[in-house]
Structure formats: structure tokens, C-alpha cells
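S.K.: Got two chains here, each in a separate frame; can you build the complex from them with the hints?
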Amino acid sequence: MRLDVRWAIGGMFTILGTILAVYGVLSNQAIYERSLGINVNLWWGLVLLVFGLAMLAFAYRSMRLPPPV
Amino acid sequence: MLGIGWALRRVIKNSEDFFLSGRSIPAWIAGLAFISANLGAQEVIGMAASGAKYGIMTSHFYWVGAMPAMVFVGLFMMPFYYGSRARSVPEYLKMRFDEKTRGLNAITFAIMTIFSSGISMYALAKLFELVLGWSFHGSIVLSAVIVLVYIFLGGLTSAIYNEVLQFFLIVLGFLPLVLLGLKDVGGWHGLTSKLATVATNAGFEPGAWSHSWKYMDSPSHNPMGMEWFGLVMGLGFALSFGYWCTDFLVVQRAMAAGSMTAARRTPLIAAIPKMLMPALVILPGMLAIGLHASRGGFLPIGDDGQPNYNLAIPMMLGHYLPSGLLGLGLTALMASFMSGMAGNVTAFNSVWTYDIYQSYIRPGQTDAHYLRVGHAATVFGICASVLAAYSATRFNNILDMLQLVFSFVNGPLFATFLLGMFWRRTTGHGAFYGLLTGTITAALHYGLTLPQGAVPGIKGGFLGAVLHTYPSEMALNFWTALFAWTGCFVATLVISLFTKRTKTDEELRGLVHSLTPRQRDGDMPWYKRPVTLAVGILVVSTILNVIFW
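One line per chain: the protein sequences are R and P, in this order.
Taking my numbering, the leading residue of the first sequence gets 1, the next gets one more, and so forth.
Taking my numbering, the leading residue of the second sequence gets 70, the next gets one more, and so forth.
Chain P extracted, bound-state conformation (with noise of 0.2 Å):
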């Protein structure tokens, strides 16, 4: 079955050019490539084990982030990026700014996507531990060598092709498991009695698993230990627009789109299944904990003795998929891997190569010079990223500790995206500075606060002091990326009210809101507007979260 799989892979990728010619990709599958180049291990493997150990609040990344974040893209965001036809943050960051924002920006995206791709590392080689049986060591090095086999034979040449593919065979592949899992608890009703179980166990209320909202008032009653401020500011702010705002890997896919209409169309076609993907992703983990509870040791327990909750997803295929099937779902979760990996050490290697080493180290070098340094970059990159996955170990929830890089990085930046995109007056040393700043703040921040019960080191508190202990990691996420917005915030706008503007207006038209000419939609019928798709999505979402208030 697995072979199967690849096979027709490998067939059907040749066929790219042959499928989508040009740069006119229907929106649909525009929108479709959107969330599937987010829907990697990451998604899958992270908010599943969010589902088990944080319940349904893990559903706030959806419909309190994702939705007004990627309304907000497809509005606001996306007339800058399409019109200004840069290809990618740091090149519209010194389109806007200078050489120096560029630079920083390059060497914190690239610092980041070597622990994205570590991240889904370690969460394949969990993966081959379990269904192998080898062990940790040995499945890491099968990892690294598969993916470095994979981008050298140009895995990653039909992107978006690919990733629509993939989403259907992630959609098609877990939805049985899904379906399976409910019938076996006894339905919805089924799920939250054991979830009761789940939740008096840890000291909560009974319903602190399976209400979103309604234990949001104080942090030590539910399992995240949030309330609701930091929450709808840490993470529906700040998190989640900065990562739909600037995580390129992300945005790239709406500017492949033919039209400036159809590139804004994009997220928003995006948002619609993207709404539906917590049944998919964080329900299996709530299945998860809720069977690990009801009869006892579904999921291992770790080293800290916590459940490994990082592995919900696997437990749950290899318990319910009969062989045949179960095939089918290690593809689908295998195929996420691989281009989660691939996807990240690709960008890790152009960002080094050409915004980093032919920017600042060798400029004026040969092009088959720039090739071997590619080469040598995705070695190194993919060296990097072993180390991270060891580091992703210590994590019994990755998206711990992928919402924790994301809060040093995306946090800050998207502080001086709303600022260089609507304020003219933001200056490029402020743009650095403030850079500069809230990343330091974000530093800081975590090294003086610590995740209740963890020890000092890379789980933060690692400054000597510890002031503060957040009940959760995911707490301290939060709360790192709205210390590091506002640090970034702050200080661009003190530093740019102080220093003398470099850029003109005329350099600066369509890179500022005030200087790009107004979208205008009058000429298509009401329904295809964006600003109606826009007003749909979150409605939508806002009775979602009633529903499971």
C-alpha cells in the first residue's frame, strides 16, 4: 500500500507541467495549496497532542487565530505582497525598509525553519520508532537521509501541485479514524463523559476538556492556563496574525494566483475547510486522552511522566486501522512529513544562499559557486535540524514548542509589518531597532519565566532568576509573543519618530497602505467579493465558538 503510494507519486509529479501551465492556478486550488502548505506533521501530529493535553480551548488557534488572521491576509495584507511582486519577507522587508532589516529577518526566518523542519523530523522518526521498531537514533538518521534524498532528486519542484494532492489524502486518510474513534466512545456525548474523567483527574472542572470558553476566567481552571485576555491577544493577536501575516512558505502559495482578486480570494477559500480541520486534527487527540484515561496507558508515558502526547495520532492508527487502510493513513502522514521537511530545509537553503551568503558574505561569486553553497546550505541545514528534533524531544507537545520559535520570530515581525504597511512614517532603523528589540524582549521574557514543573534550561528560566511560572508552556508561548509585539512596537515607533525618513513616497508606492491605489470589487457580482467571503468566514466562526462555548 505504501509502495502504491509513492509510486503514483512519482508518476503523477512529472506531470506538473504538463497540468498546470503558466501562473494561472484556479483559486480554488490556490486556496487548497494555502492551508496544505500548513497542514504538515506539525498540524497534524501538534494539534492532536494539543487536543490531549489542552482539550477543546486547542481549537482557539482555529477559529479565535487562524480565522480573523487569514480574513485579515486576504483583505489587508495580500494588495502589498501581490503588487509588490516581492518573492519572498526579507526582499519585501528591504523594499520597504533597508539592507539591515532585510538581514536580521533573513537570519531569524532561517533559525526558524531549521526548527520547523527539526520539529517534523522528530515527529517522523517517532513515527518509524513506532511502526519499525528501531530505535530513537537510528529512525532520526533514517529521516535525515530520506529527506536529503528527496531534495536532492528535486522533491520539492511541484510545490503546490503536490500539496493539493496531499491534502486530500490527509483529509481522506484521517477521516476514518475520526469516524471510527467517535463510534467506539459513544459518539459526542460519549467523548465528553470520558473527557469528565480527563478533566477531575488533573484537578479541573468536568467540563474544562470540553468547553472552549466557559473556563477562560481564570488560568487555574483550565488545562492551558489561560484567561481570556492573554489568550485573544497572545494568540489571536499576536500569534496568529503574525504567522498568517509573514510565514512565507504560507503566503507564497495566494501569489501564484492569476489576478490580484483571485491572489486575495486565496486565504479567504482557504479559511472555509480550514474551519472544519479541528474535527480532524484536534479531535483525534481528545479521543485520544479520553481512551488513555477511561482504560488507563493508551498513550506511552514520557521521561517527565506525562503522556506522551505527541504520539495521539499514531496510537490512534495503529489501534483502529486494520493493514490496508492503516496503509493509506501512514502515507497520508508520511507524505506531510516529507514536504513539511523538505519545504522548510528548501527555504532554509535559498533565504542562507542568496538573502545571507550572496548578500552579505561573497557577492559577485559565479552561479555554479552559489549552487555548491545551495548544496552545502541543505547538508548543513538538515545537520541543524537533527539537533533540534533532539531538542524537540524534551517537548511532550511539539506545537509547545513550534508556537514558542513562531512567538520569538512572527511575534515581533508582525509588529513591524503593521507599521511598515500602514504607517509611512516607519523609518529603517526603527524597523531594526524595533526588530532587534522585540526579539531581545522575546528572549528575555522566556528566560526569565519558566512552565510550571519544568526545569530551568530550554524550556525557558535559563537567566538565572525565574519571576514568573506560567501553568502552561503553551501559557508562556502567549504571553512571550505579545511581550515581544509590543517590544517591537514600541520601539519602531519611538525610533522612527526620531529618525530621519530614508525612502520617499514615490519609493514607497504600493508597499504602504496610504499609497496603493484602493482595490476596487464593484464590477463582480456581491457573492465574489472578499469582503463578503470575509464577512461569511466569520460569522461562521463566531457560531462555531458558541457552540462549543
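Just chain R, with the same shape it has in the complex (with noise of 0.2 Å):
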């Protein structure tokens, strides 16, 4: 069975997102002055977790339908 580049584009981004996200919450608030006041670790953790579980969820139904001939 040929797997898809995808499982590890999504691996990637859902851990990295997910490890941003979290650092976003813990995180000493003083370090969002230079980003404009914005918690960009916990944003930017969100779409890249989104990004991540998107791109599992097309691997994953790729998977499920017949190879293409």
C-alpha cells in the first residue's frame, strides 16, 4: 500500500501546533508586547494544529477510497 505524503505534513503540524498553542497559554504574556500585544504563539499554535488535522483528515479519506488507477 502506498501511503501519503500528507501523514506527515499533518503529524508535523498538529505537534507543532499543538506544542505552540500550549506555550502560548503558559507563557509569560510580557513576551506579546513585540507582536503588537497579540498572543501569536497560541493563534498561530491554532491554524497550524487546524493545518495539521486537515491535512490527516484528506490522508485519511484518501486512504479509504480505491487508489486512483
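Please note that the accuracy of each hint is not assured.
Unchecked claim - Have a look at the derived ranges for each label pair, beta carbon to beta carbon: (1) P:Phe-145 x R:Val-22: 46 to 54 Å; (2) R:Gly-37 x P:Arg-441: 52 to 60 Å; (3) P:Leu-513 x R:Leu-53: 53 to 61 Å; (4) P:Arg-364 x R:Gly-37: 40 to 48 Å; (5) P:Pro-432 x R:Leu-53: 32 to 40 Å; (6) R:Ala-54 x P:Gly-374: 31 to 39 Å; (7) R:Phe-58 x P:Tyr-429: 47 to 55 Å; (8) R:Val-50 x P:Leu-517: 24 to 32 Å; (9) R:Val-50 x P:Ser-392: 20 to 28 Å; (10) P:Thr-611 x R:Ala-54: 25 to 33 Å; (11) R:Arg-64 x P:Gln-434: 33 to 41 Å; (12) P:Val-214 x R:Val-22: 32 to 40 Å; (13) P:Thr-435 x R:Leu-53: 34 to 42 Å; (14) R:Val-50 x P:Gly-259: 27 to 35 Å.
Stated by the list, open to error - So, partial list: chain P residues that the calculated Cβ filter (under 10 Å) puts toward chain R: (15) Leu-249; (16) Ser-262; (17) Phe-491.
For the record, the hints were derived by calculation from the structure and aren't laboratory data.
Yeah, the Cβ is synthetic: ideal placement off N, Cα and C, and Gly gets one too.
M.R.: Written out as C-alpha cells, the structure reads:
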């Protein structure tokens, strides 16, 4: 069976996004002064997480479908 | 954060065989690898540097340069590359012409890879200098050691796979930077008003940094110092077509596609995200120069009294991103430097070992012998890259230097390919002496002209007399490429007419347009055909040109 590169991309960004978002919640909020007061770690972590999960979902879906001829 | 990035990369790399079995890489992956092979450090740092130095005119590299060229590769060049099964550009030249043309191209290509990897090395060293606070010399040594280790650990075995990951890392690592920067300056509107200050300070009309075509009527009206004819012919034609049609680091990615149709669609699919790249790589540079003008001294000033535009991206990263996201941005940047250097040094190694050493210097040795030569070539390549990296310190914009190298190598080579692929009468002698003439023309032009404000030497004018002064380094590059292309084209044409053909029509089957079977796309639905994609891409890039007129 041929596995999809989307598994790897999805997995990597799911992990990265989770770490970043958790760090965003736990970190000292003073460091966000430079990013215009926005907790970019939290928000961008969530973006990465959604992206990663979407990739995993695509990979899962194409695995369920019969392989293209 | 950096460590996690690296650990992940290692784990994922080992599973390459597991994920990509055989040659049948889906078209979208090959497409992403295609632009990712080009989205190296040079692109990220160089385009941002040019965005700062020349403003939105830098987008011509995409919407005038890359788009038509990528469409041309997909529609017209791919059938020969894919069909001939050549593994490298020198190999194609040997099949189409003869040994000496291949040898000449192998030598110029080897020199080009050294400069490319040297420029990446310079950029990486600058980053270390900034982040670690080391001296530039120490940072260069550190970068050289890292590349050496990376290559000897087998770093490039999973190139295509890594490239796709890297593409997403770069896009997702830099996007927050652009968004934050735009928000800070007050959106596009706020940016144009800041850029108006930049332009008037430099003595141009207020819109010179934010209009891509409006001030192209005369070289003295825009920061790049180009008028529309030189830009369209020099950049749009000679340099861009030369780069996208003959740079095998890039073209190779399309050859990994599963079928001829997939191979032809690869550059076209790649063109779609490529079209949007300026927002990611040029915009940060424009933001940086806007901040530089309005806040005073955002970019450090170099030895030549000009801002060091190369530092636009690193300074922006440090300015806006807090720890955490900063790690992601740095990982993305380092990943692109590494693969840029390793890719070029590896290419140098294989061209030197197989196309030069094995073919001309010592044929018929054992494999172990060539392997040792290959290792030696890698070490030599890295040492030579260090020298190239030091010469890069003389340029405040690495894209200026990179395009200079391309104008010497890819400019004339494109004329050879054009004639070779579309005119069966082109002979081996014609190609060889044409290529030689083209390169010499480039050297003469470069040696006799100078960009404004530069001293004769590495930036040109070394032949004693300076016949013409260009307003910018980039203008000099465009004209060098155009002269080189013309020199090669005319010489190849004339010499071919006066020399005998050495290859018969039978030998040229599949290598020349008129002797290759036409591609049939009739059985595909219309929206999947390469032609449909191509027209769509050209229409959208025209619209983009008009929007940012």
C-alpha cells in the first residue's frame, strides 16, 4: 500500500501547532509586546493545528477511497 | 523549538522510502517540490532584500519572469526532457550536440553551483552572526562545518520529500510575520504612505516603490533603473526563461512525475502558488524599508553607507516574533539555507565527478576511486563556497549577485537550448562556439560597465575602461543576460549554417521539436489539459500586473 505524504505533513504540523498553542497559554504574556499585544503563539499554534488536522483528514479520506488507476 | 524541528525532520526523513515508493509521485507533490527547490535561502532573503531595495518592481521576477517561463517549460520543453530521459543538462547537451558542448556546460554549471551555495552560506552566516552574536568569520566556519556534516550524513537522499515539508514550513513560518508587519504599518494603505517617504528621500516620485509598471518609462524614474524594454527582454526573456528552462535543480523535480502528462503539468501546478509568493517574500522587504524610513535605522548600515538589505527578513523576525514562533521562523529559514547549500554542493560533486573527472580526466577507474574523488569534490566545493560567501559580503542584496551569476550561465545556455530544440540544423560546433561566445560576451559587457556608485572590481568594470554606468546592479545584470543571450544566439546560428551536421534526423528523434511526436491531450477533460492551466496562469498574472500597476 502506498502511503500519502500528507500523513507526515499533517502529523508534523499537528504536533508543532499543539506545542505552540500550549506554550502560548503558559508563557509570560509580557513577551507579546513585540507582536503588537497579540498572543501569536496561541493563535498561530491553533492555525497550524487546524492545518495539520486537515492534512491528516485528507490523508485518511484518500486512504479509504480506492487508489486512482 | 529549534531542536524539536530538527528531531522531527530526522524521524520523518527516515521514512521516505515508506512514503514514496517508486516514481509515481502525485502531481501536486512534484509541483510543490518544483517551487520548493527554488524557494531556498536565496529566494527568501534575496527577494525580501530586493523588495526593500527596488520596491514592488521586484514582483516582475514573478509575474513577468517566472510565470511565462514556467508555462513555456510545461508546454514546450518538458516533452524533450522527459522523453529523452537525460539525467542532467550536460547529459542532454551530449545527446543533442556533442562531448565538447557538454564539457563546457559542465564547467560553467559547476561554477554556478559554487556561487549559489556560497550565497546561501553567506546568508546562513549572517543569521548566526545575528542570533548567536558570533563574528562573521566564525559564523562562516560554523556554516561550512554544518553543511559538511549534513552532506556526509546523507542529507540529500530524500530531497523531494523534504522539500514539500519545507515548503509548508516556510509558508506557515513566515505568514504571521507578514500579517503582523502589515497590521503594524496600517495595512497596504499605511505601507504605501511609508514607501512614499522612502521614494521621495531617494529622489523619486512618491509611488516609485509601490507601482510596478507606472515609472518604467525611463531608467531614471524608478529605483531599479530599468525601462520596460530592457526589463521585459532581459529579465522576462533571457534570465527567466534561461533559469526555469535550464536549471536542472528545478527541472529534475518534474522528471520524477509518473507520466509525461504529469511531468508537463508539474511546472504549471507549481506556477499557481508561485504567483502568490511575492506576498510572502517581497512584502516583508517592503515593510522593512518602510519601517527603516519612518522609524530611522531599522536596517543596519553596511560598509558602503547603504542599508544592508539582506538583513530585512532576519530583522523582521527578531522585531515581531516572540520566542516560540521565532523558533518556527528560524527553523524554516535554516532548513532552506541547508537544503540550498547541500543541494548545490551535491550537484557540484556529481557534475565534477561524472561529467568532468570521469569523462575527461581519468576515465575507467574503479567505483571506489570515483567515490573518493566525490568526497574530495564535496570538501573542495565547500571551501570554494566559503570564498564565494566572502565575495557575497560586497553585495547589499544577494539577489543582485545571484542574477549576475545566472546572466553568465543561464542566459547564453537558453539560446543554445532554444536553437537546439527547435531547429534541427543546429550543429555541435555551432552550439559549442555559440555558448563560448555568449559567455565571453557576458564577461566583456560586465567588464566594461559598472553599476552606479560602485568601484571597478567584483561589481564589474575590471577591464579598465568603463563605457557605460547603469543606475543599479540589477539593471547591469539584465543587460548582461540580454547581451549574452544575443551573442550566443547569433554565433550559434551563423556557425551552424557554415558547419556540417554530425547528427542524423534518426539520432535526434525525441530531442528536437519537429522530430518528436506531438503531445495528445484530447482524451483528457478540458479542465485538466496543460493548455487550459497555462492560459489560466497567464490571465491571472496579467491581472496581478494590472492591479499593482
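S.K.: Hint by hint, note whether the structure agrees.
M.R.: Hint-by-hint comparison with the structure:
1. P:Phe-145 x R:Val-22: 46 to 54 Å: Since the Cβ atoms of P:Phe-145 and R:Val-22 sit about 51 Å apart, the hinted range of 46 to 54 Å holds.
2. R:Gly-37 x P:Arg-441: 52 to 60 Å: Between R:Gly-37 and P:Arg-441, where Cβ atoms are some 59 Å apart, the hint holds.
3. P:Leu-513 x R:Leu-53: 53 to 61 Å: holds, 58 Å
4. P:Arg-364 x R:Gly-37: 40 to 48 Å: Given range 40 to 48 Å: violated, Cβ gap about 18 Å.
5. P:Pro-432 x R:Leu-53: 32 to 40 Å: violated, 55 Å
6. R:Ala-54 x P:Gly-374: 31 to 39 Å: Once the Cβ atoms are compared, 49 Å apart, the range 31 to 39 Å for P:Gly-374 and R:Ala-54 is violated.
7. R:Phe-58 x P:Tyr-429: 47 to 55 Å: This hint holds: roughly 50 Å between Cβ atoms.
8. R:Val-50 x P:Leu-517: 24 to 32 Å: Cβ of R:Val-50 to Cβ of P:Leu-517: about 57 Å, so the range 24 to 32 Å is violated.
9. R:Val-50 x P:Ser-392: 20 to 28 Å: At 23 Å between Cβs, range holds.
10. P:Thr-611 x R:Ala-54: 25 to 33 Å: holds, 32 Å
11. R:Arg-64 x P:Gln-434: 33 to 41 Å: violated, 53 Å
12. P:Val-214 x R:Val-22: 32 to 40 Å: holds, 34 Å
13. P:Thr-435 x R:Leu-53: 34 to 42 Å: For R:Leu-53 against P:Thr-435, whose Cβ atoms are near 52 Å apart, the range 34 to 42 Å is violated.
14. R:Val-50 x P:Gly-259: 27 to 35 Å: holds, 29 Å
15. Leu-249: holds, 6 Å
16. Ser-262: violated, 19 Å
17. Phe-491: violated, 35 Å
When held up to the earlier numbered hints, the structure conflicts with 4, 5, 6, 8, 11, 13, 16, 17 and fits the remainder.
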